[in-house]
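**Q** Chains as they are written, first to last, in our numbering: chain A, 1 to 942; chain B, 943 to 1020; chain C, 1021 to 1258.
There may be inaccurate statements among the hints.
Sample of chain A residues at the chain C side, in silico, Cβ under 10 Å [to be verified]:
#1 229
#2 472
#3 476
#4 862
#5 871
#6 875
In case anyone wonders, no lab produced these hints; they're calculated from the structure. Treat the numbers as computed from the prediction; the structure is a model and nothing was measured. Cβ coordinates follow ideal geometry from the N, Cα and C atoms, glycine included.
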Amino acid sequence: MDRVAGEAGDFTVTLLRKPRYVLEEKCTGCTTCVEYCPALCPDAFNQGLSQSKAIHIHYAQAIPLIAYIDDSCLYLKERKCRICEAVCKNRAIDFRQKPETLAVNVGAVILAPGFEPYDPRESGRYGYGRLANVVTSMDFERLMCATGPTEGEIRRPSDGRPPRRIAWVQCVGSRRVTPGENRYCSAVCCTYTQKQVILTKDHDPEAACTIFHNDVRSFGKDFERFCERAARLPDVRFIRSYVSIVGETAGSNVVVRYATASEGVREEEFDLVVLSVGMKPPAEAARLAERFGIALDPSGFCRVDPAHPLQTSRPGVFVSGAFAGPMDIPESVFAASGAGARCGELLSRRRGRLARERVFPPEKDVAAEEPRVGVFVCHCGANIGRVVDVPATVEYARGLPHVVYAQEQLFSCATNCAKEITAIAREKGLNRLVVAACSPRTLEPLFRDTLREAGLNPYFFEMANIREHCSWVHSLEKDAATRKARDIVRMSVARASRLEPLKEFTLPVHKAALVLGGGVAGMTCALSIAAQGHLVHLVERGEDLGGLARRLHTSLDGMDIPARVRDLAERVYANPRIRVYTRARVVSAEGYIGNFLTRIASDRGESEIRHGATVIATGADLYRPAEYRYGQDGRVLTLLELEEAIARGEERVLGAGRTVMIQCVGCRNAERTYCSRICCSAAVKNARRLKELNPAMDVCILYRDMMTYGFREEAYREAAERGVRFIRFEPERPPRVEAVAEGGASVLRVVVDDPVLGRTLAMDAGVLALAAAVVPAADAPEIAGLFKVALGPDGFFKEAHVKLRPVEFATDGVFLCGQAHYPKHLPETIKQAYGAAGRVAALLANDTVVASGAVCEVLERRCIGCGSCIAACTYGAIRISETKAGPKAAVNPVLCKGDGLCNAKCPTGAIVLKHFTDEELASQIDAAADAAASETLNRKAG
Amino acid sequence: MNQENGSALTETVRLLCRTPGGPRFGDVLVVGGGISGIQASLDLASAGFKVYLIDRGPAIGGRMAQLDKTFPTNDCSM
Amino acid sequence: MCSGRVDLAHVIRAFENGMDGVYLGGCRLNECNYITHGNYDALAMVLLARRILQHIGLHPERLRIEFMSSADGMLFAEGVNDFVRTVKALGPLGRAEGLAPGEVAARLAEVRKLVPWIKLAKRDKLAARLTDPAGREGHFTAEEVAALFREVPAYYIDPQKCQACRICAGRCPVEAIDGGKQRVHVIDQERCIKCGTCLAVCPERFQAVTCFVGVPPPPPPAEDRRTPVRRKKAAAAP
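Extracted from the complex, chain A is given alone in its bound form (with noise of 0.2 Å):
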């Protein structure tokens, strides 16, 4: 990117284009080049561990898949060799290719270029660099993929030894005041740590795992769980306590010096370290910011301003992902759908006038046929490769009935291998397609669209899992693994010669949405579906707008919330496209994607509510806490209770000699196996006040982990440099409170194990502020139910991903925001709820959309009208009518979610999920029993 100019809706935005030297719509990607090249250079995909060429791929399934040379090709620094020229068939080579300058004109512009991992060589502390067995996080997810430079399997980079003794160090380059690294938590490095040790147990469950940390902050949806699912492992150990590198041994070995209360400081040796980094900004930050005219905050991250938090301090200039600080995947991509609201508001005119269409080729009719099958195997890298035979398989599958071609491709999830399929699919007249290589959770969806660029229906498609389901689980036992492999491929096979084509629906979409909940995360959606130019209805089961949000006041990072709420219900009330339903309640939910039909009593009386979309908003409820005497004192507050008192100026809290405060009340516990993320900040936050409004107050936060993540964490080590007093206990041994009689008065005292100092503190405490939990809203079982769409084990709604889909549900239409999701800060939920309205919005724009073709349908012939189906189905889709020949069920297609629990309980096989009838799956498990396949097969299929 070289310069812009412009303002929002008109930006002029000038592209440079490095020169590839390689033609791109005559390079196929067959890396012939890449053998020849002289040129080696260290491979910055695999983070340096392994070595690459001047010519080369970037990385195997890399988008678009071409080789590109890079600066170390000998011909440009030194204008010799050229031998990729001479090697390449297709004459893809072109060094003549200079540097090209484009000038784009845009409307908006969103600025996602992420994050860079921290590098230890910064600080000179960790022997990054200088120790072979230290590596960072990074280099280790490379090291555990089967396509990083040890194929998958873990080796140290001093001696290419499995390692057995392997310490993560926590907060590296993170959490740090020293030189060199930065003062916020990265948020993310705790979590991945757990993942790395729960996949490194994968690898080798007699690996011991050793995490050196300083708190584990599971501030996230199922991270708790999470990490006590790696605690509870064999041979992983949680030490608390920062850590130093002393050096190495003879044998390279990493020795580590910790100090634990109990033991004192100890040296320990380790065959391997991780430094677990954390993130930096992205090392064009200021070039971005300098080009595009946008600040910085003083770390280099994107400045946004916590209440609009997508944006800017340019207009028309927004910002998504890691840019605007440390964030996690899931939040990177509902920001990523918010940013794109927040284009979509500012251009709603100009929608639909550029965007193509992706067009198929006509549909060919191949009832008739035989059914003629290709097989593709995939080595998938190494990762098949390496342990499946995957030549033999091929040929196996060739002698398989009904196969007429079969072969091996290295990814088939390429784009070069995807475009091989269908040509050969047209080419040798094939029919029905069976692809060995990875889960179809992944990838069906693309290859489907393979058989549709082949003129095939998309439901003549069978993914056979020979990854996931073998090459994954018998790494080392190559010979059972390729028997296996065959067995699969021979009962897809089977499936796939008996498939039928389906015919997907298309639903017209109702253009108006339904927002439940009038919190700030309703609020935020309810206008930028608007702004997008929707009709919205808002629903609120309170009297008035605004939510939790009301009894807030200040934030750690100085939103004015009493303002930002205000404002954000006099711009609903205006809002002409929005419609709002107060003390509400849905009385009857009915329909589908597109097309839902709401039943609300509010207000404004009975209302009938047809919508296309519907997003639940719905918020969270507050614990009520049982323990610490709350409830039997007037002394004992919430957290939120403490933060009302405050603003209201009340003497009795202002004036308190000293405030305790307990954090994880009703969580974190056997009860609720969740941390509710938001109030070690409100506790930072309260205690913060309290010391400005009040410098002599004694305030004492007992905490377990400290989850003040990101930025938070400079609001934590302010509070303590003001003496704010932070306690640590563990869960094993909770504070106690008791109210004891003292000289006549009535004291309130609590008591607590410190474990740092291995003994035990009692205080009185003027006011004591308890850090309640977060808990599901109590009509969320209800809301549930009538949108049909699931409750996660904690009681929040439960995302259709946790990662990829964060706003959106299993069910179809159905969207979802705020802390209904789970617990989470006013940005978090502003972004989120810009989120929703983008993948809203990419509904609605729809005139229509399509519903899956694997569905059930009934054979009248067959049904008796039993009604075991309508028991089954919990989405109402089959309705039983009498017919001349007595009752019979009816599915109506649209309702239907394909699960097939009906035609489990059918009795006479009447009621059929097709894609997966009785006949189909039967042929798999009759395949799945011969191991003499071919004969077997051909008698079943003759």
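Keeping the supplied structure of chain A fixed, place chains B and C upon it in accordance with the hints.
**A** Coordinates of chains B and C only, in the frame set by chain A:
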């Protein structure tokens, strides 16, 4: 990559990687082809906007493509 | 497709194919991504199938269901390894139970034929959501399954009463009734799935279908004796 993204991705890639040959006028420029940039592009494309996705590297995918698997489902990061 | 889509017939088919063990994996209970919780249906089906295996003299340990999430790779591996050890310790299907191969096949084939009837008879219990682990083992009892097999009904069309109206033949879901014009209808007991539709739809004024439980029904009339015995006009009038 999840189901929807999987198929939509090819679509966007077609739209995005090949475009700057046609008229150089679009709706939105997305800077950065990591998970966040890709998601933003996909959403905007399905909402009917024309998107330019640019990345300083030779391919999209960003940091997430470098990860082995992701928490908590340990799905393949591709 | 959900684990609850796995049919009792699929399990029986696997054993008929000579499989020594069948292992079912479902999502963690109460963690359904949808609202269906079909894994409970799978659980109930497995509990019943295990009792049935036991009833026909096969080890119920040959069938197992376990629940896990996609992230529980270790749990899956442990579960499968343990199951394989269990099945290997049992030995090959039939031989370990002291049954001749033909006998195993015959018994399984008998069960396969009865699957529709079993689904009907145990419909409510198969749909039960067994949230309390304590209630699972006893949900279906050995005695109950023995009674289920003892009480298999057989439907019979009385040649004296049948008026060859073709209603039952038309409504039989599996076309097991030979319902020729002017011919007494006959149920093919081999094809019959014992759903009782014929009994339900036979016009009340004829009452030609009878349900026999515990005793075999009489043989059908010979081919040349299938002329309907016409009822008197007065009685037959609509």
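**Q** With reference to the structure, classify each hint as holding or not holding.
**A** Against the structure, the hints come out as follows:
1. Taking 10 Å as the C-beta cut-off, the interface hint given for residue 229 of chain A holds, the closest approach to chain C being about 8 Å.
2. Interface restraint check: residue 472 of chain A against chain C, minimum CB-CB distance 8 Å, threshold 10 Å, status holds.
3. Checking residue 476 of chain A against chain C by beta carbon gives a least distance of about 12 Å; that is not within 10 Å, so the hint is violated.
4. Interface restraint check for residue 862 of chain A: the shortest CB-CB distance to chain C comes to about 4 Å, inside 10 Å, so the restraint holds.
5. Because the beta carbon of residue 871 of chain A sits about 6 Å from the nearest beta carbon in chain C, less than 10 Å, this interface hint is met.
6. Contact between residue 875 of chain A and chain C, as hinted, is supported at the beta carbon level, the nearest pair being about 8 Å apart and thus within 10 Å.
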